Amino acid sequence: MLELAWLILVFPALGALVNLFVGDRLGERGIHVVASGMVVLSFVVSLGLFFGLAGLDEHHRTATVHLWDWITVGSFHAPAALLIDPLSVTMALVVTGVGALIHIYAGGYMHGEQNFQRFFVYLNFFILAMLVLILSNNFVGMFVGWEGVGLASYLLIGFYFDRHDESYGHYADAGKKAFLVNRIGDFGMLLAVFLIWTSVGSVVFEEVHHGAGALTAGAATAICLLLLLAATGKSAQLPLFVWLPDAMAGPTPVSALIHAATMVTAGIYMVARTHFLWELAPVAGGLAAWVGGLTALMAATIALTQVDLKKILAYSTISQLGYMMLGVGVGAYAFAIFHLVTHAFFKALLFLAAGNVMHGLPGGELDIRKMGNLRAKMPTTFWLFLIGASALAGLPIFSGFFSKDGILLHVANFNIPLYLIGLFTALLTAIYSFRAVFMAFLGEARDQHVHDHAHESPAVMTRPLWVLAFLAVVGGALNLPVLLTMEHYLEAAVGAPAFHPNVTMEFVLLAVSAVVAVAGVGLAYGRYVKGPSTGVGRISGGVARLVSPLELVARNKWYVDEFYAAWIVGPLLGLSVWFNQVVDQGVVDRAVNLVGQVSLSLGGNLRKMHNGLVPTYALSLFCGVVALLLWFVIGG
Amino acid sequence: MLSILTFLPVVGAVVVLLAPGDSLKRGLALGAAIATFVVSLLLLPGWQEIPDMQFVERYAWMPELNIYYHLGVDGISLWLVLLTTLLMPIAVAFSNQHIKQNLGGYLALMLLMETAVLGVFLALDLVLFYVFWEFSLIPMAFLIGKWGSQNRIYAAVKFFLYTLAGSALMLVAILALYFNAGTFDLLALQESGLPPGLQQLAFLAFALAFAIKVPLFPFHTWLPDAHVEAPTAGSVILAGVLLKLGTYGFLRFALPLFPVAVADYASLISILAIIGILYGALVALAQRDLKSLVAYSSVAHMGFVVLGIFALNEQGISGAVLQMVNHGLSTGALFLLVGMLYERRHTRLLKDYGGLWASVPIFSFFFLVVAMSSAGLPFLNGFIGEFMILLGTYKSSPFFAVLGTVGVILAAWYLLHAFRQVAQGELTNPANFKGKLPDLNWAEIGQLLPIVLLFFAIGLAPNFFLDKINPSVAALEVVQTPVAGEALLVDSSHQPPTTSANSYLTTIR
Numbered sequence: 026m027l028e029l030a031w032l033i034l035v036f037p038a039l040g041a042l043v044n045l046f047v048g049d050r051l052g053e054r055g056i057h058v059v060a061s062g063m064v065v066l067s068f069v070v071s072l073g074l075f076f077g078l079a080g081l082d083e084h085h086r087t088a089t090v091h092l093w094d095w096i097t098v099g100s101f102h103a104p105a106a107l108l109i110d111p112l113s114v115t116m117a118l119v120v121t122g123v124g125a126l127i128h129i130y131a132g133g134y135m136h137g138e139q140n141f142q143r144f145f146v147y148l149n150f151f152i153l154a155m156l157v158l159i160l161s162n163n164f165v166g167m168f169v170g171w172e173g174v175g176l177a178s179y180l181l182i183g184f185y186f187d188r189h190d191e192s193y194g195h196y197a198d199a200g201k202k203a204f205l206v207n208r209i210g211d212f213g214m215l216l217a218v219f220l221i222w223t224s225v226g227s228v229v230f231e232e233v234h235h236g237a238g239a240l241t242a243g244a245a246t247a248i249c250l251l252l253l254l255a256a257t258g259k260s261a262q263l264p265l266f267v268w269l270p271d272a273m274a275g276p277t278p279v280s281a282l283i284h285a286a287t288m289v290t291a292g293i294y295m296v297a298r299t300h301f302l303w304e305l306a307p308v309a310g311g312l313a314a315w316v317g318g319l320t321a322l323m324a325a326t327i328a329l330t331q332v333d334l335k336k337i338l339a340y341s342t343i344s345q346l347g348y349m350m351l352g353v354g355v356g357a358y359a360f361a362i363f364h365l366v367t368h369a370f371f372k373a374l375l376f377l378a379a380g381n382v383m384h385g386l387p388g389g390e391l392d393i394r395k396m397g398n399l400r401a402k403m404p405t406t407f408w409l410f411l412i413g414a415s416a417l418a419g420l421p422i423f424s425g426f427f428s429k430d431g432i433l434l435h436v437a438n439f440n441i442p443l444y445l446i447g448l449f450t451a452l453l454t455a456i457y458s459f460r461a462v463f464m465a466f467l468g469e470a471r472d473q474h475v476h477d478h479a480h481e482s483p484a485v486m487t488r489p490l491w492v493l494a495f496l497a498v499v500g501g502a503l504n505l506p507v508l509l510t511m512e513h514y515l516e517a518a519v520g521a522p523a524f525h526p527n528v529t530m531e532f533v534l535l536a537v538s539a540v541v542a543v544a545g546v547g548l549a550y551g552r553y554v555k556g557p558s559t560g561v562g563r564i565s566g567g568v569a570r571l572v573s574p575l576e577l578v579a580r581n582k583w584y585v586d587e588f589y590a591a592w593i594v595g596p597l598l599g600l601s602v603w604f605n606q607v608v609d610q611g612v613v614d615r616a617v618n619l620v621g622q623v624s625l626s627l628g629g630n631l632r633k634m635h636n637g638l639v640p641t642y643a644l645s646l647f648c649g650v651v652a653l654l655l656w657f658v659i660g661g
Numbered sequence: 149m150l151s152i153l154t155f156l157p158v159v160g161a162v163v164v165l166l167a168p169g170d171s172l173k174r175g176l177a178l179g180a181a182i183a184t185f186v187v188s189l190l191l192l193p194g195w196q197e198i199p200d201m202q203f204v205e206r207y208a209w210m211p212e213l214n215i216y217y218h219l220g221v222d223g224i225s226l227w228l229v230l231l232t233t234l235l236m237p238i239a240v241a242f243s244n245q246h247i248k249q250n251l252g253g254y255l256a257l258m259l260l261m262e263t264a265v266l267g268v269f270l271a272l273d274l275v276l277f278y279v280f281w282e283f284s285l286i287p288m289a290f291l292i293g294k295w296g297s298q299n300r301i302y303a304a305v306k307f308f309l310y311t312l313a314g315s316a317l318m319l320v321a322i323l324a325l326y327f328n329a330g331t332f333d334l335l336a337l338q339e340s341g342l343p344p345g346l347q348q349l350a351f352l353a354f355a356l357a358f359a360i361k362v363p364l365f366p367f368h369t370w371l372p373d374a375h376v377e378a379p380t381a382g383s384v385i386l387a388g389v390l391l392k393l394g395t396y397g398f399l400r401f402a403l404p405l406f407p408v409a410v411a412d413y414a415s416l417i418s419i420l421a422i423i424g425i426l427y428g429a430l431v432a433l434a435q436r437d438l439k440s441l442v443a444y445s446s447v448a449h450m451g452f453v454v455l456g457i458f459a460l461n462e463q464g465i466s467g468a469v470l471q472m473v474n475h476g477l478s479t480g481a482l483f484l485l486v487g488m489l490y491e492r493r494h495t496r497l498l499k500d501y502g503g504l505w506a507s508v509p510i511f512s513f514f515f516l517v518v519a520m521s522s523a524g525l526p527f528l529n530g531f532i533g534e535f536m537i538l539l540g541t542y543k544s545s546p547f548f549a550v551l552g553t554v555g556v557i558l559a560a561w562y563l564l565h566a567f568r569q570v571a572q573g574e575l576t577n578p579a580n581f582k583g584k585l586p587d588l589n590w591a592e593i594g595q596l597l598p599i600v601l602l603f604f605a606i607g608l609a610p611n612f613f614l615d616k617i618n619p620s621v622a623a624l625e626v627v628q629t630p631v632a633g634e635a636l637l638v639d640s641s642h643q644p645p646t647t648s649a650n651s652y653l654t655t656i657r
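Just so you know, the sequences run in chain order B and U. All residue numbers for the first sequence refer to our numbering, where the first residue is 26 and numbers rise by one. All residue numbers for the second sequence refer to our numbering, where the first residue is 149 and numbers rise by one.
In case anyone wonders, no lab produced these hints; they're calculated from the structure. No experiment lies behind these values; they were computed from the predicted model shown. Backbone N, C-alpha and C fix where the C-beta goes; we use that ideal spot for every residue, glycine too. Some hints could be false.
Covered by chain B, per the in silico footprint, the following chain U stretches (three or more residues, Cβ under 8 Å) [said to hold, decoys possible]:
1. 240 to 246
2. 554 to 562
3. 568 to 577
Interface residues of chain B toward chain U, partial, derived using beta-carbon atoms under 7 Å [said to hold, decoys possible]:
4. Phe101
5. His102
6. Asn605
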């Protein structure tokens, strides 16, 4: 079975090509069947790989499928080959599984769109690139997927390339921004690959793993810092997270698939994949943990202040990715991947439910201030969103509770302040997720026009969500605290953490997390449902007043975009214009023309010699050549 | 065989001039260009993956002066020859559609230029090389001067004089080499080992000629003028092939003949290349005219090629050879697209466009793919070349590689900016509306498709191309690094840049 792994790439490639070339003859339905069917087939292959791997001995669950020799120059070699191990298979299952559900959903969501065909071509291409990213057995192959998903993301964010509105500006600019910010991360990735190859002599993961012993601590740290830069780009961490909120300009299934469940987790995957380098670079790991923790906190504060439902979810994604970064930073790779998986379930669910809200409201309304009491109009979507929010908030039993807690457990052992940041962020998470639930679905309808026109979505847009909802609830069972199945499964690929918590500590921290999550929901309930006059409401109001000075900063997204505009983009554009108008035209070109003019006027004085007789020309040419030759020969 | 290849276009040019009627001229010119391409393809079946010159032809030309008619092709020139023979039929096909005035002369000049360029790529005798080199100027200058736009005379004269002045010193240096070694033969000169002092001077003379042709910053200002004024097919050939004469010159002549001088000047030239990469990209970003944007992008891209060459190792140089082909394909395609747009709307200003994706989706799709190729997106050709170049540069000098990699970010910026201004955004100008602005026709798709297919072929199976390039590159004296130097590089790879920059010298000596 494992040697058939290449099939997993063939299906989405085929889907993209078929729809690109003959999609216009297939009609909406045909396009949708081809695109979704191909991803389902890839999912089937992923399952086959999972079972194929399960048949192998527990300690040797890895296989390389060589496809062809891709780049060979001198001692440099990058194959086109797939690495099948527990990590890549887990990722492949998530990408193709969640991907298939979202493809199916998107058939309903995009129904009647002008560029229906183009949308599914992009979406299949995305799945292909994402699979290349997670299955490649070497850094260069991973980079192919890394940039490939960037292209898909760029195209899909700018899918409505002619639209603009207040919330997102020109949609095409949002796509461009995403691509360029990611390129800054790619810059780090490229340099990391160069450094790895010059120090270890290979770019193949397994060979780098074996040769990593030859790395000095300084080189390992430099590599990991560069990889961290790459991860902050793709996984939207400080300081490069700014593209992700704008990326919500893309159609909602895209937000769910690319900008929540899969692509943005690539940075986390990459760190887990290169765990053997991070183990040599504790400084870089510590920095990654702090980047993750601070990103989680900052994004959660922003999420609290947003009024656009998709933007709340976008900042929540940044925040949750921060948790994952925190996890890989402290070496809890298996838990970080576990959280990546559960997050893929519940965040895809939340986005698609938000898509139903958008779909069901006039003008695709997303402002939660204009919603309220939507439960009456779209009960199914309400329950789906509620389940997603509960998992996000980390309420006990739900999947997010277990996975987030696994990370926090390791953080507590690593650094207490960082643990407290994580815990406080968990509180904020519970508040903002239920703020969204309460403001959108409960209470009074705040805009009668919106409420009157609200309607539930068709079955194709709710059924796939139930699958995700089911997974969001029970996903935690993949790794029950006592059974430890998934963690153990992944350790074959990412190594076991050095730290093993005792059961008491584990249960104490679980209890603390549970209390915090419930408290967060309670505070949100008090503020957004009960109102300030009630008991709970008064407590919530008090807390809100306490943090109000921060609110302005948070609402303005900590002014990070403004900072970049003023200090990086602006100066570069200024330099660009200055180079063009002053330096190029005024200095370089003028110097050239000056030389030309001087020669011409010299030529004028010498015109006497230019009598039009060929022998004279030949003679002077000869003299000149001889003179120069003399200079050469003597000089040499 | 190489002689047939080289002179077939001249025969074509003569026939085109003599033939009556424009449609016959069109057919004959295209036929000659395609026939040349077919002949060049015949190099592939018999190709041996060895470092030596293949298909060599050598006849006495002026025996008393020891000048030979000596042609040969190796891994460094093979793909450049094929690039030339591929782009020429495409350029002729485009011209056939759009050139009305004095068609026969135009087509004949194009074919003459093909001969000149192929001659440069194939000549192994310095005199023969110099003759082809200078001859390549004349058809191009006429194409710009006669068929260009408003400011064409200025651009043509500037192009002609600038590049001519650059190569005057090269002629002197060629003669100096002859007086030193008694031969004009490249391979013999390579064996002879020139004295270091002569190497220094001769290198500077050659390098000036090549640097102007590439063009390397600060010798680039003729390029935007020439491109903006040149007719589309002229731009395609200028950017696609003529610029490569400069980088090819560095590879074929400067590196083998003057290894000592090359080592001394590698850092300086790399710095100029990096300035070109960053400066060219930023200036490209400021352009309001799409064609001059593409022209400045060439300055940046050719900077990468030079950077790779002067990394002086296999990865950098093989990457540079491949990147020459890549740049020829992607920039050639960009100029074609600009030309197709210009023929429809008679403007190249970015502000006159916007939202074309809605009205001309096929054009926009090609534009996107070509822009991505140019931006070095993996899956496509540009990535392979850029990656190998930067990897090789990193091996010689991490600091230079860091700066060069910044250029990768900037390249995405100006290309996405161009795509954003042309294809995305709202469709506001009525002249661009669907129906008013026709999408690409089959002939135009036929011109672009071979190029785009090659993007994917090189991106997915680069080894088919690299396997033929590598042996010749590995045989270059400058890349034959001692093992000790290699180890030293590994250790110094995370040292501050000053130490690493010096490692050039360590690498070579």
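Cross-check of the supplied hints:
1. 240 to 246: violated (count 0)
2. 554 to 562: Result for this restraint: holds, n = 5.
3. 568 to 577: holds (count 6)
4. Phe101: 5 Å, holds
5. His102: 10 Å, violated
6. Asn605: 4 Å, holds
Going through the hint list in order, the structure does not satisfy hints 1 and 5.
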